[in-house]
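Top to bottom, those sequences are chains A and B.
The opening residue of the first sequence carries number 1 in the numbering used here; numbering runs sequentially from there.
The opening residue of the second sequence carries number 1 in the numbering used here; numbering runs sequentially from there.
Source of the hints: derived by calculation from the structure; they are not laboratory data.
Just so you know, not all the hints are guaranteed correct.
[Stated by the list, open to error] So, partial list: chain A residues that the calculated Cβ filter (under 10 Å) puts toward chain B: (1) Pro9; (2) Leu191; (3) Val193; (4) Ile197; (5) Leu203; (6) Pro297.
[Unchecked claim] Sample of chain A residues facing chain B (criterion: CB under 8 Å; computed from the structure): (7) Asp7; (8) Val172; (9) Gly196; (10) Leu201.
We treat Cβ as the ideally placed atom computed from N, Cα and C, and that holds for glycine.
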Amino acid sequence: MLRARLDLPLERDGSVRFLPWIVALMVYLASLALAGTLVVRDAVERWDRGLTGTLTVELPAASAGSRADGAVELALKVLRTTPGVVRADPVDARRTAALLEPWLGKDIDAEDLPLPRLIDVETEPRVGVDLAALGQRLAAAVPGAQLDDHRRWLDRVLRTALALEIVAGMVVALVGLAAVLAVVFATRTGLAVHHGIVEVLHLIGARDGYIARQFEWHALRLGIKGGIAGLLLATATLVGVAAAAQVGAIDDAVRVVPALSAPAIDWALLLLLPVVAGLVAMLTARITVLRALKRLP
Amino acid sequence: MRYGAGPEILRDITLRLEPGSFHFLTGSSGAGKSSLLKLMYLAERPSRGLISLFDRDIATTPRREMPALRRRIGVVFQDFRLIDHLSAFDNAALPLRVAGVDENQIKEHVTELLSWVGLGDLLAAKPPTLSGGQQQRVAIARAVIRRPNLLLADEPTGNVDEELALRLMRLFEELNRLGTTLVIATHNQSLVDRFDHPHLHLANGELHTGRARKRSVL
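One chain only, chain A, in its complex shape (with noise of 0.2 Å):
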């Protein structure tokens, strides 16, 4: 498909030869930061689904530790006849020691801790809860009570989410700019190079259409071979990634961005990197043919 009958010796130019490499190097790049996109927004999204739908009930701590003021109680009563709520428990003590555990230790007792007392609440997602409603029911009866929907939270990930997808976007950009850049330098040096042969095409009555043809898919070629490439080494470096996820091998911080867990869609979206490379290629070169061969008379 790609063996087209080239009138001008573009193969044998040294001048091209880097080419690939290049458009190697920058699939590379864009392939890591395009994966990178990829997990970050397949986490934030997990996130989202797993916190949409659940509420959490925050009550100010009880003097002296004491839990016997009945605030849970009214609070639960609230919750459990507000429509829209499915499910309300009070997180008890062993679980907020649990959550406590890695900051103080085993060993201790939740119920001696002047503690905010919490209450899990899972709320139908399709019918909705008045938020603020509740919120000012739940503080009439028991003030202090605060209710959190993560929203705050979520945002702040969302918010630094899209940052980076913007880095990604722009290093994607940048990458494309300079391969573009790297292709019309190589199809300029081409043309300089076979000058005589190009006059030749055009004197005996070529359309530029048809010399630059001759162009596009040496480029195309070049830039599909370089993105194979570029894609290989970056598959081979997600791989190493995942499995230093998998065991372990990078310190916990890591794995709070699941390793590679975006849906596998996305990941043949990585596939067309090869392909888009080669057209961007093909697509540059065209153009910078045309434009030098209108100097021609």
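Based on these hints, arrange chain B on the given structure of chain A.
Coordinates of chain B only, in the frame set by chain A:
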């Protein structure tokens, strides 16, 4: 006509080639023969003046229509300008390929013409492996393969022996009989003298017309 800011190479030239005519273009080296041919095969534009080709004013012809005009012109370049990595066959076939002619037709026509000019055994040979004369014949085959309306040849017999020169001239005359207008630039006064064709003589950038002194001996 001038190149860049250089001196005027050709000036005050008024020339009309009747369709089907045959002219020799003579003049000493540097007289401007190649420059005049370049203007005719549309490789250069005049710095002033008017060129009309096939009843079209070149200055006002849109660029996209120029390839169609060029395909009606066959050119034999002085330095042949063959493409080294293509075979003799592919070089001669080039004008047909750029015009999108069917490959079967190309094979038939090109093989026949190259055989006619004595290169039937060298279809696959690359130009660097051919002698000067053989290269010249490939260049001529490329120029005439589309049976052009106008054939411009710059020293087309400069590298071949007398016998082959006459044979090539017969090819040109045959094309001329079929309606092709010819202009052949040459240094070879004896060739000019052998044929009864008018000649255009360039001297000091100006054009003079004349007639051959002898009749053809063919």
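Each hint, compared with the structure:
1. Pro9: holds, 4 Å
2. Leu191: This interface hint is violated because 15 Å lies over the 10 Å limit.
3. Val193: Given a least distance of 13 Å, the restraint on valine 193(A) is violated.
4. Ile197: Holds - the Cβ of isoleucine 197(A) comes within 10 Å of chain B, reaching about 5 Å at its closest.
5. Leu203: Since chain B brings a Cβ to about 6 Å from leucine 203(A), closer than 10 Å, the hint holds.
6. Pro297: holds, 5 Å
7. Asp7: holds, 6 Å
8. Val172: Where the cut-off is 8 Å and the nearest Cβ of chain B is about 37 Å from valine 172(A), the hint is violated.
9. Gly196: With a closest approach of 7 Å, the glycine 196(A) hint holds.
10. Leu201: holds, 6 Å
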